[in-house]
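Novice: Chains as they are written, first to last, in my numbering: chain A, 1 to 402; chain B, 1001 to 1367; chain C, 2001 to 2176.
Keep in mind that the hints are not guaranteed to be accurate.
Some chain A residues judged to face chain C by a derived CB distance under 8 Å, without partners named [said to hold, decoys possible]:
| hint | residue |
| --- | --- |
| 1 | 210 |
| 2 | 255 |
| 3 | 333 |
| 4 | 351 |
Source of the hints: derived by calculation from the structure; they are not laboratory data. Note that this is a predicted model, so its numbers are computed, not measured. All C-beta atoms in this analysis are idealised placements derived from N, C-alpha and C, irrespective of residue type, glycine included.
As a plain string of letters, each chain reads:
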Amino acid sequence: MAAEPQGSMTLEEQARVLPSGEREFFLDVHTTDLEVNFGPQHPATHGVMRILMRADGEVITGAQPHLGYLHRCAEKIGENVEWLQYLPYTDRYDYLAAMNNNLGYSMAVEALMPGLELPRRAHMIRTICAELNRIGSHLIAFGTYGLDIGAFTPFFYAFREREWMMALFEKICGARLTYSYIRIGGVFNDAPPGWLEEVGRFCDVFEEKWKEYVDLLVMNQIFVKRTADVGVIPKEMALDFGLTGPMLRGSGVDFDLRRDMPYSLYGEMLKDNAFDVIVGKGEKGTLGDCWDRTYCRVYEMMESIKIVRWCLERIEPGPVLGDIPKVLRIPPGEAYVGIENPRGELGHYVASDGGKVATRVRVRGPSFTNVSVLEDLLPGALIADAIAIIGSTDVVIGETDR
Amino acid sequence: MDGGNIFLTLLQKIAPAGVPSWVLVLSACLVGIGILVGLVSVLVMFAVWLERKVSGHIQCRFGPMYAGGWHGWAQSLADGIKLLAKEDLIPLGADAALFVLAPAIMLAAIFGAMAAMPLAPSVYFANLNLGLFAILAMSSMTTIGVVMAGWASNSKWALYGAMREAAQVVAYEIPLGISLLVPLMVIGTLNLGEASARQAGWFGMHWVLFQNPFVLPASILFFTASLAETKRAPFDLPESESELVAGFMTEYSGIRWSFFFLEEYAAMFLMSVVGAVFFLGGFESPFTHIARESFGSDSVAYQVVAGGTLMTKAMFGVFLMMWIRWTLPRVRIDQVMSMGYKYLTPLALLCVLGAGIWEAIFPGATP
Amino acid sequence: MNFDGIHDRLRVIQAPGLLGADLPRAAIPGAKHGESKDAGRGGDAFVLVDPQKIVPFLHVCRDEDRLRFDVLVDLSATDPKAEDPNLWININLLSVERRQRLAIKALLPKTDLKMPSSTAIYRAAQWHERECAEMFGITFVGHPDPRHVLLPDDWVGYPLRKDYVFPKEYHGISCE
Chain A
1 MAAEPQGSMT LEEQARVLPS GEREFFLDVH TTDLEVNFGP QHPATHGVMR
51 ILMRADGEVI TGAQPHLGYL HRCAEKIGEN VEWLQYLPYT DRYDYLAAMN
101 NNLGYSMAVE ALMPGLELPR RAHMIRTICA ELNRIGSHLI AFGTYGLDIG
151 AFTPFFYAFR EREWMMALFE KICGARLTYS YIRIGGVFND APPGWLEEVG
201 RFCDVFEEKW KEYVDLLVMN QIFVKRTADV GVIPKEMALD FGLTGPMLRG
251 SGVDFDLRRD MPYSLYGEML KDNAFDVIVG KGEKGTLGDC WDRTYCRVYE
301 MMESIKIVRW CLERIEPGPV LGDIPKVLRI PPGEAYVGIE NPRGELGHYV
351 ASDGGKVATR VRVRGPSFTN VSVLEDLLPG ALIADAIAII GSTDVVIGET
401 DR
Chain B
1001 MDGGNIFLTL LQKIAPAGVP SWVLVLSACL VGIGILVGLV SVLVMFAVWL
1051 ERKVSGHIQC RFGPMYAGGW HGWAQSLADG IKLLAKEDLI PLGADAALFV
1101 LAPAIMLAAI FGAMAAMPLA PSVYFANLNL GLFAILAMSS MTTIGVVMAG
1151 WASNSKWALY GAMREAAQVV AYEIPLGISL LVPLMVIGTL NLGEASARQA
1201 GWFGMHWVLF QNPFVLPASI LFFTASLAET KRAPFDLPES ESELVAGFMT
1251 EYSGIRWSFF FLEEYAAMFL MSVVGAVFFL GGFESPFTHI ARESFGSDSV
1301 AYQVVAGGTL MTKAMFGVFL MMWIRWTLPR VRIDQVMSMG YKYLTPLALL
1351 CVLGAGIWEA IFPGATP
Chain C
2001 MNFDGIHDRL RVIQAPGLLG ADLPRAAIPG AKHGESKDAG RGGDAFVLVD
2051 PQKIVPFLHV CRDEDRLRFD VLVDLSATDP KAEDPNLWIN INLLSVERRQ
2101 RLAIKALLPK TDLKMPSSTA IYRAAQWHER ECAEMFGITF VGHPDPRHVL
2151 LPDDWVGYPL RKDYVFPKEY HGISCE
């Protein structure tokens, strides 16, 4: 901003005329904006993202996210490795919800093979794993958001449950974070004996602990004061920016891919009314504020438990992998399949020309669009609110940068 | 109670005849300082260990378990040795003189405040008749150190932390002081030892807390204001937040960084002692009463029991501060300021008004 | 509405830039995967659009009553083969109200990689177009903020093209 040299205006010139006709004098005080770097390294576990902020005192006047610190050329690699070899790369974009990534990629490739039949047990296990991973991902979102706000304890409680979930996944596929378990045609191998019973026990214990989380953090007066009316995203802005998932539902838009454009077993679940979709209601402040998004995520965990229980009641023994050849050549075509990731709509656009290697694997990561909203949301907020807003977008930089 | 210093008295007894008195006074001061610094250091090491244990158990984990064997009691010692061995870093572009001076000023302020604190009825460093006033005055000098640290670090985030700290501490000095007027009205003296003595009696019925219905709200206000003064959660914006790097302490490492923590735990302890003396009876408890009756006021046993009572009460206050830190999230700076000025200060004034009216209507037993 | 319904609606209202549609075709009976006789195409149906008229087309998609595609889900590009003269622009729209999706494809000649920016219609396009531009070398005319989003600001070349040659070194760091 161009600043006039101090003292160049007379006192008369500096006066403003108010609507009432009075003249208001003000001193020629200039405060320069401070440019602060919310750098690539910061303790909030969102990953490596850099936001260049301009702040006038405590109020932010401009924000510019800089990405690319975790860009690992996943899309280029997709054009150079075979179809099945690409699966471990899919784990690594949203590493907190890797099962969902595997699911999205597998479903996109399966859409190009219309004759392929997946056994029912494969669908069941896929759904159980995806929903358990959704719970795990939301636990991290909730725990680290508490950490950002200053509540140190809910983080540990959330990780206690997440450890159990990761132990469950370790039993079924051998890995704790990046699973490569949900493959094209089904899942890799069957659940070991006793696994399903342990999942049932996990659901029971989780329900009690969930009440603790709500009481300890979500309904805590200080937390509400920090997050209500902060970072309000009105409905039109959310749709215009392409937000999906809890970001969209927190703004009051009742849309969930699992219910509204069902895939896998979700269509059947609709008939049994197995789960609800949690939509923000503006309970503690304006509709679309950070509290609403946190509310959506925390309450969605209970809905995932309901889905897991639904699957546990109906699962039958059987094969878990469909009939796919060892050397996979996918018929030519293009398909876009979007599934409901914990962070929003994870879309895979896959193009094949009939060969062993894809022509294009495009990953539409929800965090990429979720971060873009920060450019318009941060200006006007206080610096302390910036933390609350960035935490509520629940970005995972692996997904933003791929 | 004599106006002298116990160390001076002891030195006068054991010194050879020809030594001039100024040498004795100087030595007494040095001995006192040495004991104070040593005591506070040990206390702080214990408090750090306690914090880690308390936080661990609240968070469903154990805390330190290895260093030293039994529940990691030597963890703070090990950390202290590690910090001593670290490189002494002064960032490029930082104002080196202020950078080095800032933790020194904070420590000097807090140790100066602790000089007015008695360890036992006859063991004190300075029996000040203006004890409480001195403590409040000296402990508020730590703000200078914080602002110096933030400015001298040559880092924007440190500066933010320092500015917030200055605003917060100044804002909460007011309810801190005003809420302390209430027990003063009841007890009538600023001298910590004397204030304790006036609460003597069986089963704590003479504690200030039970003398006047307005003391309870005043004590809660005092506790809240002391949390803000010592920069503890939920008011720990200056150190923990500033965008989650360490606030005004960002550029400090090694032993200088540990000075800030020494100051923080010493301040916590000091505030707890003030609260214990002026609200919870100080040295007095049924055990001290029994000790005084059985062994007499001059005996060592009585001193030990009285000192132990004060320590227990102070440690309970410290534990309460830690408990709250690990339970509640942080309050934002503008909410902190509005809470201090718009809610705590008027409430404190109301308590003073009410306590004064109560004392006028029902004059207490204390002179 | 299913794809046919959407395509019909677009034709009826004469959406600007609409060139046609392509639907999945079953493979020749008996042909095996990857065989040259397998002229089928699996996957999604898409509408083909003239890239220079993309802005009025998206306008119609967003505002037309029975379409109401209010969310731009994805805007990306594909380089099908090094020898292919065109790049594909793939746009995916979603209607939250009507629960329907639409896949749009536009063919951009590699010799003239310019097309108007859709930022005016969907704010979501802004960042997606930035990524397309840096990865393929497409210029989005009228884009408010054409900086690199994922690659460093001084990166040379367009990585996702099939004829991209990897650099040997970057700022003194070897890329072998």
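Novice: For each hint, tell me whether it holds in the structure or not.
Specialist: Verification of the supplied hints:
no.	hint	verdict
1	210	violated, 29 Å
2	255	holds, 5 Å
3	333	holds, 3 Å
4	351	holds, 6 Å
The structure fails hint 1 only (numbered hints given earlier).
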